[in-house]
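Engineer: Full structure from sequences and hints, please.
Protein chains: 4
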Amino acid sequence: MTIVPNTLKEKLGHIIFDYNTLPARLFDLGLIAVIILSVVIVMLDSVASIHAAYGGLFYVLEWVFTLIFTVEYLMRVYVASNRFRYMRSAFGIIDLLSVLPTYFSLFFPGTQYLLVIRFFRVLRIFRLLKLVKFVREGEYVKQALLASSRKILFFLFFILVTVSIIGALMYLIEGEEHGFHSIPEGVYWAIVTITTVGYGDISPQTVPGRMLASLLMIVGYSVLAVPTGIVSAEMASMNEQIRSGLPCGTSCCERIEHDSDAKFCKECGKPLG
Amino acid sequence: MTIVPNTLKEKLGHIIFDYNTLPARLFDLGLIAVIILSVVIVMLDSVASIHAAYGGLFYVLEWVFTLIFTVEYLMRVYVASNRFRYMRSAFGIIDLLSVLPTYFSLFFPGTQYLLVIRFFRVLRIFRLLKLVKFVREGEYVKQALLASSRKILFFLFFILVTVSIIGALMYLIEGEEHGFHSIPEGVYWAIVTITTVGYGDISPQTVPGRMLASLLMIVGYSVLAVPTGIVSAEMASMNEQIRSGLPCGTSCCERIEHDSDAKFCKECGKPLG
Amino acid sequence: MTIVPNTLKEKLGHIIFDYNTLPARLFDLGLIAVIILSVVIVMLDSVASIHAAYGGLFYVLEWVFTLIFTVEYLMRVYVASNRFRYMRSAFGIIDLLSVLPTYFSLFFPGTQYLLVIRFFRVLRIFRLLKLVKFVREGEYVKQALLASSRKILFFLFFILVTVSIIGALMYLIEGEEHGFHSIPEGVYWAIVTITTVGYGDISPQTVPGRMLASLLMIVGYSVLAVPTGIVSAEMASMNEQIRSGLPCGTSCCERIEHDSDAKFCKECGKPLG
Amino acid sequence: MTIVPNTLKEKLGHIIFDYNTLPARLFDLGLIAVIILSVVIVMLDSVASIHAAYGGLFYVLEWVFTLIFTVEYLMRVYVASNRFRYMRSAFGIIDLLSVLPTYFSLFFPGTQYLLVIRFFRVLRIFRLLKLVKFVREGEYVKQALLASSRKILFFLFFILVTVSIIGALMYLIEGEEHGFHSIPEGVYWAIVTITTVGYGDISPQTVPGRMLASLLMIVGYSVLAVPTGIVSAEMASMNEQIRSGLPCGTSCCERIEHDSDAKFCKECGKPLG
Chain A
1 MTIVPNTLKE
11 KLGHIIFDYN
21 TLPARLFDLG
31 LIAVIILSVV
41 IVMLDSVASI
51 HAAYGGLFYV
61 LEWVFTLIFT
71 VEYLMRVYVA
81 SNRFRYMRSA
91 FGIIDLLSVL
101 PTYFSLFFPG
111 TQYLLVIRFF
121 RVLRIFRLLK
131 LVKFVREGEY
141 VKQALLASSR
151 KILFFLFFIL
161 VTVSIIGALM
171 YLIEGEEHGF
181 HSIPEGVYWA
191 IVTITTVGYG
201 DISPQTVPGR
211 MLASLLMIVG
221 YSVLAVPTGI
231 VSAEMASMNE
241 QIRSGLPCGT
251 SCCERIEHDS
261 DAKFCKECGK
271 PLG
Chain B
1 MTIVPNTLKE
11 KLGHIIFDYN
21 TLPARLFDLG
31 LIAVIILSVV
41 IVMLDSVASI
51 HAAYGGLFYV
61 LEWVFTLIFT
71 VEYLMRVYVA
81 SNRFRYMRSA
91 FGIIDLLSVL
101 PTYFSLFFPG
111 TQYLLVIRFF
121 RVLRIFRLLK
131 LVKFVREGEY
141 VKQALLASSR
151 KILFFLFFIL
161 VTVSIIGALM
171 YLIEGEEHGF
181 HSIPEGVYWA
191 IVTITTVGYG
201 DISPQTVPGR
211 MLASLLMIVG
221 YSVLAVPTGI
231 VSAEMASMNE
241 QIRSGLPCGT
251 SCCERIEHDS
261 DAKFCKECGK
271 PLG
Chain C
1 MTIVPNTLKE
11 KLGHIIFDYN
21 TLPARLFDLG
31 LIAVIILSVV
41 IVMLDSVASI
51 HAAYGGLFYV
61 LEWVFTLIFT
71 VEYLMRVYVA
81 SNRFRYMRSA
91 FGIIDLLSVL
101 PTYFSLFFPG
111 TQYLLVIRFF
121 RVLRIFRLLK
131 LVKFVREGEY
141 VKQALLASSR
151 KILFFLFFIL
161 VTVSIIGALM
171 YLIEGEEHGF
181 HSIPEGVYWA
191 IVTITTVGYG
201 DISPQTVPGR
211 MLASLLMIVG
221 YSVLAVPTGI
231 VSAEMASMNE
241 QIRSGLPCGT
251 SCCERIEHDS
261 DAKFCKECGK
271 PLG
Chain D
1 MTIVPNTLKE
11 KLGHIIFDYN
21 TLPARLFDLG
31 LIAVIILSVV
41 IVMLDSVASI
51 HAAYGGLFYV
61 LEWVFTLIFT
71 VEYLMRVYVA
81 SNRFRYMRSA
91 FGIIDLLSVL
101 PTYFSLFFPG
111 TQYLLVIRFF
121 RVLRIFRLLK
131 LVKFVREGEY
141 VKQALLASSR
151 KILFFLFFIL
161 VTVSIIGALM
171 YLIEGEEHGF
181 HSIPEGVYWA
191 IVTITTVGYG
201 DISPQTVPGR
211 MLASLLMIVG
221 YSVLAVPTGI
231 VSAEMASMNE
241 QIRSGLPCGT
251 SCCERIEHDS
261 DAKFCKECGK
271 PLG
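Protein chains in written order, with UniProt numbering: chain A, 1 to 273; chain B, 1 to 273; chain C, 1 to 273; chain D, 1 to 273.
In short, the hints are calculated from the structure, not lab data.
We put the CB at the ideal spot given by N, CA and C, even for glycine.
There may be inaccurate statements among the hints.
[As the list claims (entries may be wrong)] From the structure, some residues in chain D lie toward chain A, with a derived Cβ separation under 8 angstroms:
1) Thr196
2) Gly198
3) Gly200
4) Thr228
5) Ser232
6) Ala236
Structural biologist: So this is what it looks like as structure tokens:
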């Protein structure tokens with residue numbers, strides 16, 4: 001039973017927040033197109049040759065996009081059933097951050113700062129997240145990461161200690177003449193190496209340095225198994241529960257995934273299989 | 001009960017589409033040898049010194065191969081029980097794409113275009129996929145990827161947003177003098193870094209740039225756990241189901257793998273254990 | 001039932017080893033702040049420009065930190081219920097190693113040695129491990145790694161043999177003129193390649209060298225699946241056991257995780273599910 | 001019940017093939033030490049400066065090691081209960097290959113060939129595999145890899161096709177002036193990129209080239225999930241079976257791991273849980 005909207009506010013609300021009616025879908029698709037276009041323009045504007053040719057046009061378009069997004073933001077605040085809740089939500093904050101930088105660029109006309117501000121508009125692309133299809137999958141990934149976040153934090157701490165020690169050792173072994181000018185630079189090299197990125201801008205030249213580097217590489221290569229194992233195991237548990245957990249008809253509520261240690265649904269309190 | 005083929009069409013059909021008779025096997029093995037040979041020739045022909053010595057021979061061979069594959073394609077269309085269905089299938093399209101480029105090279109004699117066209121012949125190797133042994137394993141991998149495709153798409157979207165933001169930030173931090181000439185170039189560098197490829201053609205030089213780069217590397221290194229975890233968990237579920245799912249004698253149909261959320265076989269509708 | 005501490009020793013013990021009282025928490029937080037500060041100073045002191053400006057200050061601070069940590073170490077020995085056990089424990093040894101290098105730097109005034117010693121102070125950061133929150137997660141990761149340690153050692157041995165053979169082959173194929181000056185250098189290159197680090201300081205130039213390198217890369221890329229698979233499977237088993245293993249009320253003791261092959265709790269001997 | 005050995009053959013057999021008696025252990029440890037020493041010497045001998053200083057000593061040592069290993073090989077053949085079976089076994093062949101190269105170096109005195117031959121001695125280190133401790137873990141890894149070998153082969157074929165197509169495309173897009181001199185060189189670059197090694201000796205310079213490279217990197221980064229997922233799932237299945245499969249007292253034979261699709265032990269034919 002859908003109620004025919006009467007007031008302007010209700011009509012706008014259906015267009016902006018619904019996903020099932022034709023006007024709402026058209027509005028969403030158009031919005032996504034404009035967002036992608038504006039991000040592409042920010043990126044292209046940073047290329048010197050393109051800026052020289054189309055800088056003026058881009059400046060106008062940037063302001064047009066900013067005005068569109070501002071009106072859209074105000075409309076969302078206007079039609080939201082709980083305005084403060086929308087404004088505090090992740091999407092509300094992103095919506096606001098998508099328009100503020102252009103206005104700030106008026107009051108701080110310094111070129112360099114203007115560039116910093118310009119970048120934040122890229123955040124606009126996050127609005128694509130509103131597309132409902134992906135929210136559930138994102139929820140799945142988010143829950144698996146949350147459930148294993150402490151293990152991953154512990155792992156990152158181990159990585160941090162390892163690169164600190166190896167970075168300091170490499171500074172002592174290789175020294176300034178081979179590009180290791182300080183311990184922080186050694187630590188940077190150790191991060192480049194343990195993550196297997198390996199730019200090659202700094203690389204060990206001496207025999208003991210290369211032996212230590214080899215050790216670090218093999219550790220980094222093997223240790224990658226740890227976060228992967230943590231997340232794999234967590235997701236396997238979640239799949240297992242989704243499949244075998246709740247028989248037909250006993251699903252407690254709309255919550256389809258439960259923490260791996262949950263005995264009761266944390267949404268509705270019903271005991272789980 | 002195999003029926004003895006009577007007409008030419010039936011005989012050809014048994015040679016081309018069957019896998020159990022000796023002529024069919026010989027036909028397949030010969031075809032694979034010719035495909036590999038033609039791919040190797042296309043590759044070698046691109047080496048300047050080899051092209052100078054054998055360019056003429058390669059040109060003749062290329063046309064011989066193209067004619068062989070054209071005849072084979074026409075034969076397949078001729079003997080197919082449902083011709084339109086074969087032509088629309090993935091293999092039908094690949095079979096056609098394997099011969100078209102050589103003909104196109106007649107009408108568009110520009111060297112550069114000719115080279116582009118030449119490359120597509122590499123697609124011929126896909127015909128090897130017809131080898132029945134691998135189809136089932138490919139099906140396994142494909143189902144696991146399909147079942148987790150939305151999660152992986154969500155993950156790729158997250159990567160895209162991250163490299164956009166970090167790429168823009170690096171452009172602002174490092175600037176033109178350190179090789180970051182524009183935001184798109186910064187984004188390219190961020191992709192090279194987050195995927196741990198790390199060419200080193202562009203690399204950060206300043207302290208804040210290196211700190212941001214370190215963050216990106218550790219994120220890329222840790223975040224790799226996500227797609228791996230998704231696919232591992234999916235495959236573990238599939239293995240579990242294959243092993244424990246269907247007891248002997250209750251297998252519903254030839255379908256051996258079911259979606260992890262399936263309550264009924266989606267091929268025959270029989271309820272699953 | 002907590003007993004009110006009477007003697008100085010008991011009071012100190014509560015502050016140093018407890019985690020629940022306010023003074024103990026403040027003590028821990030302050031200690032962590034000082035440790036991080038001292039590590040940062042060691043690192044910054046290695047940057048030539050910062051050392052020139054603040055070297056004197058850093059020298060004084062270094063001695064202040066060393067004295068603080070020395071007093072703290074002596075206090076810990078004093079209040080420990082079993083002094084020898086604390087001194088032999090991993091944390092006791094790390095506590096001692098955190099202060100010794102500065103004293104050694106008095107007797108061995110050579111700059112180079114002093115630098116080596118300075119580095120070991122980074123180990124101080126390990127004291128952060130005392131933070132109780134992370135101990136359980138660390139225990140989880142440690143048990144999973146221990147349970148799969150022999151498999152991972154076997155895997156590392158396989159990597160070692162592979163890089164030895166490929167490194168020797170590359171030395172023969174590429175030779176001195178392409179940067180492979182000896183077998184050990186070839187082995188170093190093979191480690192850089194199989195771990196997918198790829199600095200690019202040494203890289204193959206000849207056709208057979210590049211073919212062998214391609215093979216090594218694909219092996220390294222595929223073989224990464226082995227340690228990851230081992231740890232993933234081990235952690236999935238552990239999750240499975242934590243979830244389904246012990247029904248409410250039958251938990252044998254405080255031990256929550258059991259080896260995957262355990263029939264009885266190795267802490268209290270009670271039979272497991 | 002161990003029978004006291006009487007003949008020389010029996011005594012030797014106990015020393016060489018047993019692991020429980022003191023002489024057998026000492027023999028094994030000594031052998032491993034000699035193997036490692038000989039491998040290290042081969043490696044060091046390839047370093048020009050070390051060869052100049054110790055080349056003569058190394059030459060003598062090399063012959064001493066070769067004679068030791070030859071006597072050992074002949075002894076093994078002599079005491080083996082089934083001589084032909086030992087000689088055909090993997091270890092028998094490796095034992096022989098460990099001594100042949102030095103003898104071959106007499107008849108083919110060319111320096112370059114001599115170097116090729118020298119390398120094969122590194123294979124000696126494989127004899128370490130005899131250490132019984134690791135054999136079972138190796139068996140576990142081997143079974144998991146065998147069970148998933150067809151899936152991994154399919155995956156490698158997919159990688160091969162991808163790098164062929166992308167390598168050819170990059171040759172067309174970037175061309176000779178950016179270091180892509182031929183399609184095989186493009187394929188080499190694609191392998192370096194998809195495996196995330198990224199030497200940086202060849203790297204794209206044009207905008208479409210970098211876009212294609214970015215695509216390849218993200219594919220390579222995501223697709224790594226496939227072999228990892230396959231092996232993880234296989235090992236999880238094996239762990240599951242080891243844990244829950246065979247209740248105490250029903251173990252059919254010494255075989256502890258069964259294929260994931262086995263209904264009966266393939267060693268003794270007993271039905272599996």
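Engineer: Work down the list of hints and note, for each, if the structure agrees.
Structural biologist: Outcome of the hint check:
no.: 1; hint: Thr196; result: holds, 7 angstroms
no.: 2; hint: Gly198; result: holds, 7 angstroms
no.: 3; hint: Gly200; result: holds, 6 angstroms
no.: 4; hint: Thr228; result: holds, 7 angstroms
no.: 5; hint: Ser232; result: holds, 6 angstroms
no.: 6; hint: Ala236; result: holds, 7 angstroms
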